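Chain order of the listed sequences is A, B, C and D. Take the first sequence: its letters are residues 1 to 118, numbered as in the numbering used here. Take the second sequence: its letters are residues 1 to 118, numbered as in the numbering used here. Take the third sequence: its letters are residues 1 to 286, numbered as in the numbering used here. Take the fourth sequence: its letters are residues 1 to 286, numbered as in the numbering used here.
These aren't lab readings, by the way, just hints derived from the structure by calculation. Being a predicted model, the structure only gives us computed values, none of them experimental. Beta carbons: idealized from backbone N, C-alpha and C, even for Gly. Errors might be hidden in some of the hints.
Stated by the list, open to error - A short, non-exhaustive set of chain C residues, derived as facing chain D with CB atoms under 8 Å: (1) Ser-24; (2) Arg-115; (3) Asn-118; (4) Ala-210; (5) Leu-224.
Stated by the list, open to error - Which chain C residues stay away from chain D? Per the calculated CB distances, all over 10 Å, these: (6) Ile-122; (7) Glu-255; (8) Phe-259.
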Amino acid sequence: MARSLQCFQWFWVSGKTLNMQLTLEFGGGLELLCDSKKIHSVNVEPQNGADKLIMKDLLSWVRTNLIKERPEMFMKGDTVRPGVLVLVNDCDWELSGQLNTSLEEKDVVVFISTLHGG
Amino acid sequence: MARSLQCFQWFWVSGKTLNMQLTLEFGGGLELLCDSKKIHSVNVEPQNGADKLIMKDLLSWVRTNLIKERPEMFMKGDTVRPGVLVLVNDCDWELSGQLNTSLEEKDVVVFISTLHGG
Amino acid sequence: TVDSRNGLTPDMIYRYSRHLLLPSFGVEGQANLLKSSILVVGAGGLGSPALLYLAASGVGRLGIVDHDMVELNNMHRQVIHTEKYIGQPKVKSAAATCRSINSTIQIVEHEEALRTSNALEIFSQYDIIIDATDNAPSRYLISDCCVILGKPLVSGAALGLEGQLTVYNYNGGPCYRCLFPTPPPTTACQRCADSGVLGVVPGIIGCLQALEAIKIASAVGEPLSGRMLLFDALSARIRIVKIRGRSMDCEVCGENTTFTQQKLREFDYENFAQTPLSPAPLKLNL
Amino acid sequence: TVDSRNGLTPDMIYRYSRHLLLPSFGVEGQANLLKSSILVVGAGGLGSPALLYLAASGVGRLGIVDHDMVELNNMHRQVIHTEKYIGQPKVKSAAATCRSINSTIQIVEHEEALRTSNALEIFSQYDIIIDATDNAPSRYLISDCCVILGKPLVSGAALGLEGQLTVYNYNGGPCYRCLFPTPPPTTACQRCADSGVLGVVPGIIGCLQALEAIKIASAVGEPLSGRMLLFDALSARIRIVKIRGRSMDCEVCGENTTFTQQKLREFDYENFAQTPLSPAPLKLNL
Ligand SMILES: [Zn+2]
Ligand SMILES: [Zn+2]
Chain A
1 MARSLQCFQW FWVSGKTLNM QLTLEFGGGL ELLCDSKKIH SVNVEPQNGA
51 DKLIMKDLLS WVRTNLIKER PEMFMKGDTV RPGVLVLVND CDWELSGQLN
101 TSLEEKDVVV FISTLHGG
Chain B
1 MARSLQCFQW FWVSGKTLNM QLTLEFGGGL ELLCDSKKIH SVNVEPQNGA
51 DKLIMKDLLS WVRTNLIKER PEMFMKGDTV RPGVLVLVND CDWELSGQLN
101 TSLEEKDVVV FISTLHGG
Chain C
1 TVDSRNGLTP DMIYRYSRHL LLPSFGVEGQ ANLLKSSILV VGAGGLGSPA
51 LLYLAASGVG RLGIVDHDMV ELNNMHRQVI HTEKYIGQPK VKSAAATCRS
101 INSTIQIVEH EEALRTSNAL EIFSQYDIII DATDNAPSRY LISDCCVILG
151 KPLVSGAALG LEGQLTVYNY NGGPCYRCLF PTPPPTTACQ RCADSGVLGV
201 VPGIIGCLQA LEAIKIASAV GEPLSGRMLL FDALSARIRI VKIRGRSMDC
251 EVCGENTTFT QQKLREFDYE NFAQTPLSPA PLKLNL
Chain D
1 TVDSRNGLTP DMIYRYSRHL LLPSFGVEGQ ANLLKSSILV VGAGGLGSPA
51 LLYLAASGVG RLGIVDHDMV ELNNMHRQVI HTEKYIGQPK VKSAAATCRS
101 INSTIQIVEH EEALRTSNAL EIFSQYDIII DATDNAPSRY LISDCCVILG
151 KPLVSGAALG LEGQLTVYNY NGGPCYRCLF PTPPPTTACQ RCADSGVLGV
201 VPGIIGCLQA LEAIKIASAV GEPLSGRMLL FDALSARIRI VKIRGRSMDC
251 EVCGENTTFT QQKLREFDYE NFAQTPLSPA PLKLNL
């Protein structure tokens, strides 16, 4: 039998900025646009004073801060170019709201270009 | 610039029994000892009134509740038999304290028998 | 008796004995496989291992479509072809190797490029299609044919040090166009001939394609539908991710589709993807 | 000039052009591969694809150890052997196929069972060892030899619908005995001959073994050391897990080891693992 137990815990979270730690991965050739580095550990602030970060914001952050060349190979308009899959925690962003997907601390976001070779 | 923000959050956790939800997986032939089922979603209570669950307790729980035949193919003494790897959250239990590894809610524990075929 | 063995002859029982011993595969799985027909489009880097393992495993009828000739610069990864076939059609070379490892199954040679004019007719002769091609327009043409004919499609790709694998149009799952309604810009479509590929990477993906086709043909296990495998050879990392389901708005498999056999025959895939269906090989310039 | 091409002839440049085009592999990776020597122990289910891809990729010297004959019931998975070699030594059959796809590399035939009396001498002729055997005592013997001679070991296994893969004794990583100091009970050591195996499962693991050996030989990428790949074909799930490091207490690679070449020659592996090194095939009883 489990011993009767009582747990009290309290948390206080406070801060002027909510810096979010994310892991971004690029594959299928997209890594060539960011110095051939596939895995990026980054800290991203919510944009325009919002209290949460959504994929739309992350995309423009990536374009500004990580993409070093040929940004048209990464984005088209305000979303990714055709042929790029976006995965948030190993799940297609189509299933979580695409550009409106909310991100949380320690999320893993993968951008991968579809391959055609064989 | 991020808007200045203040978050207050508090949590209250209380309970008479601490039922822990775990995912147990068997592979490399060990699934044959538990009705050929590879993945088991289980709820396990800490044993003997302890306030936490360690691998030693889980092993005896598995032996009692899941192993349907030939327990000597799963355990030897109070640990797994030679040739069985134990992984807690995709990590060899040798790296986390073996029988003394503490388990947490939603942990995934894999028991896999090493293969020799080719 | 013939019944308890599901029509397997003593020779078949001996040849496939390691399959028959498997409780979750067994005589029924093997009998299903022997009754099935699988088409492999492309006898290159992906097609080589896929064809070897499909022939060996006992698929009843195995078709091969390709129009290329074997070249020396294929040999580093296209392990089904031997040096003596250099300069000869890949289909002939691949068929000869398949027959040399299993003379008891039917091998069908389609020595022609896949086009809108022949795709439906060829595909309709098979239960399962394997996309082992190397260019974007072929991938759209193959997927569209599979949707129209209701065939599951095992799709693999490999380039550089990476590979990708999924099953399309299976059991209500998405088609290629559900994922990629718009073709990528041609500058994003690198081919092995342009960018290189480590030979064993298509080897791994092609074997995985054979496995998925065998699972579907034998009705054993859970095919990789609605999921995609992403393989990174350099770091030895593999992800299996959840992808979107069938799109109601898909132009080919969606609810209000107007895509018919006639439309497919008239569709200009080369213009759509801005790439030829049978690209000419580039010269190496070191 | 010869220098800028690292000694590659024009024929080699053409044959391996898809490797040379890879920025992260390139001329240097290919030159390393051509200078390397790899031994594959076992020309069966794992050895077949490993040998095909190692030969095709341009490993300079490729050794094959096996003492078995090709049988019809091997053909469902051992795709390197053709029907005309049934009844002949697997080493001869495998070597012939390797030569037919790449006549420019050296293939060495070791047509003998691996034993304590010949293992050290054979292994010492190669840079990298691939364990493609099918029984526990061979796995201990191979690992112990690799520790004593300081060779990296690419170890694969497949049974039923599952496969496992890791690299031992590489760059300070663990050896087979660090993970398995005590052999499992013989009742836990099923073999493909007893329990069956889906042919394409060793195909996938054998290709992955070739990849890991190529990465080590070419000094490109991160080998799967300290990690183990677990493959489940039925559900199409793959885990790559972190395993323990080298054990200070390991009887063979640990700090206070007394395991020498002499001790290995006298070690009774069959008694240790309670299994013969070259098990006789069992008869199928359906
Ligand atoms: Zn669709
Ligand atoms: Zn050791």
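Going down the list of hints, with the structure as the test:
1. For the restraint placing C:Ser-24 at the interface with chain D, the shortest Cβ-Cβ distance is roughly 7 Å, inside the 8 Å limit, so the hint holds.
2. Among the interface hints, the one on C:Arg-115 is violated; its C-beta lies about 26 Å from the nearest C-beta in chain D, farther than the 8 Å criterion.
3. Taking 8 Å as the C-beta contact cut-off toward chain D, the hint placing C:Asn-118 at the interface is violated, the least distance being around 29 Å.
4. This hint holds: C:Ala-210 has a C-beta 5 Å from the nearest C-beta of chain D, less than the 8 Å allowed.
5. With its C-beta approaching chain D no nearer than about 5 Å, C:Leu-224 sits inside the 8 Å limit, and its interface hint holds.
6. Residue-level check passed: C:Ile-122 sits 24 Å from the nearest beta carbon of chain D, beyond 10 Å.
7. Distance check on C:Glu-255: its Cβ is at least 29 Å (rounded) from any Cβ of chain D, clearing the 10 Å threshold; non-interface status holds.
8. Distance to chain D confirms C:Phe-259 as a non-interface residue, since its nearest Cβ pair spans about 29 Å, more than 10 Å.
Checked against the numbered hints given earlier, this structure breaks hints 2 and 3; the rest are met.
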